[in-house]
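**Student:** Listed below, chain by chain, are the residues.
2 protein chains.
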Amino acid sequence: MLHSELLEKLFAGEPRAVARAITKVENGADDAAKIMKAVFPKTGKAVVVGITGSPGAGKSSLVDKLALFYRDRSEKIGIVCVDPSSPFSGGAILGDRIRMQTLGLDKNVFIRSMATRGNLGGLSRATVDAVAILDAAGFDKVIVETVGVGQDEVEIVKTADVSVVVLVPGMGDDIQAIKAGIMEIGDVFVINKADRDGVLRTEKELEALLSLAHRPDFWTPPIVKTVATENKGIEDLSKAIKSYANFQNTGEASLERKRAIARWRLLELLREKLLSNLLSKNGTAEKLDKLARAIAEKKNNPYSAIEEILK
Amino acid sequence: MLHSELLEKLFAGEPRAVARAITKVENGADDAAKIMKAVFPKTGKAVVVGITGSPGAGKSSLVDKLALFYRDRSEKIGIVCVDPSSPFSGGAILGDRIRMQTLGLDKNVFIRSMATRGNLGGLSRATVDAVAILDAAGFDKVIVETVGVGQDEVEIVKTADVSVVVLVPGMGDDIQAIKAGIMEIGDVFVINKADRDGVLRTEKELEALLSLAHRPDFWTPPIVKTVATENKGIEDLSKAIKSYANFQNTGEASLERKRAIARWRLLELLREKLLSNLLSKNGTAEKLDKLARAIAEKKNNPYSAIEEILK
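The listed protein sequences correspond, in order, to chains A and B. Read in order, the letters of the first sequence are residues 1294 to 1604 in the numbering used here. Read in order, the letters of the second sequence are residues 1294 to 1604 in the numbering used here.
Some hints could be false.
Which copy is meant is left open, because identical chains are indistinguishable; a pair holds if it fits in one copy or across any two.
Said to hold, decoys possible - Here are the computed lysine-lysine pairs in the BS3-like style, where the Cα-Cα straight-line distance is at most 25 Å:
1) K1497 with K1532
2) K1330 with K1532
3) K1591 with K1369
4) K1574 with K1604
No wet-lab data here; the hints were simulated from the structure.
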């Protein structure tokens, strides 16, 4: 496919062109930058929803049901799943297959797992690029779901228009453990599996924690109760998402947030590009292997080694 | 404190010198590289134990009890807790205080949370450096505990001599969700809160998953059942850790693993150093702010922007 043809089909929302473009940005293909330069001006129409929470909170079911809800209202939905596990065992591909069965081969629902994190890093950057591609391809909602709950995942979800944090009842004192990092990125909170014992307690604890948080935009995050497997509470969730999206568009904080995201993206891109420029130089890869060997044998140390490389 | 004095006290295991050196590597101080060059040759004596698992699995209690177990056998223990949440709200500091109460102000137990991840990244690198400092300071065991479960956290735990993955009963199908990434890094598995229902089922599921895994070293990871809050199963865990540490030292795979870790450390250091070199150039920070502003207003795009910066 020629570059112009790929872009034309991408902007027309053709799934194959979208998939191809995402693969290119994921792999850091030669024309990835060219694609993203064309894509960027066409972005900004989609509502990007980031969904995170601890493993076992039922995020996937919730995302699937939310996607179906939007689809039934004639919207086009893109789902980007950040799954750092896959480089080890192809977990993402399996995950995709299972989910394709649930959501069917519906042309209004596009699902993609992002997993490649090579030497150069770049998973966060590639994920944010994939979201931009779906946005430019005319998807009305783009849902970014993270499987892990770490630093990278938190940063990715922070780039969404609306960040949803999913909890389950009965986490008890453990809610404290995930408090800080995840709590403060949530624009909307979901207590999923709300048919289980302990919902009220979890809700009270969550309210108490949220009342302590100081949001620069003075937004009070709503708490939505869902039972995703039974499709309960999904409409409430969609309303909560919409209300924050509306709030954010009118707020002063919006441009400030966009600047912070742009700055983060620039640093991510720079980090990756600087390393790839260095590694593409003749002999650097061999030098790296040799130095790694010397360090493993305690004949050198990492700090002296990078001075040698950068010399 | 002079450089030579700091190093002397560090190698003597003085907590204040250790803390100071870690702060220096965390902040990327001017003399951080100098310290690490001196530290590196003195490393390799400690057994480094990485502990990960989903939030709510009771990792902190388990780490505390394990540390007390070692301490009661006259060992010196360092605990490095990777807590990405703290930049948002100082959660790590709070966590440290709570844990200092549990473990007391015992001079044979040193606890430190790593949280700073600035513009330059470097949390993974700083954590691995902190472990090396504790190793060089004469701590017999260094436990690295991650609060998050993401890409960075998985990579950090992979640098340990023994990686322990903590699960809880009753995760049901959700065990699938965390399967790939976390499962494949575990040298030892713990089912904590083993007084709860569903232990047997979780154990069976785990055994089934592990039987599918192909480890290059042909090690079969043991499964240990614990109730950390009641101090049950801690000795079994210590035995499982010891058996893998022994196995690893004799195996062929050991040097290969050390090389892979050295390579990863080099890339992490390079990534950080290249970016810091660029940002320290006159005017780059201002240029970055200006470009981030233009991107937020859609007057520029990230890919064109980094070309401008790198020009």
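**Student:** Could you run down the list of hints and mark each one as holding or not?
**Tutor:** We went through each hint and held it up to the structure:
no., hint, verdict
1, K1497 with K1532, "within (22 Å within a copy, 41 Å between copies)"
2, K1330 with K1532, "neither (33 Å within a copy, 56 Å between copies)"
3, K1591 with K1369, "between (55 Å within a copy, 24 Å between copies)"
4, K1574 with K1604, "both (13 Å within a copy, 17 Å between copies)"
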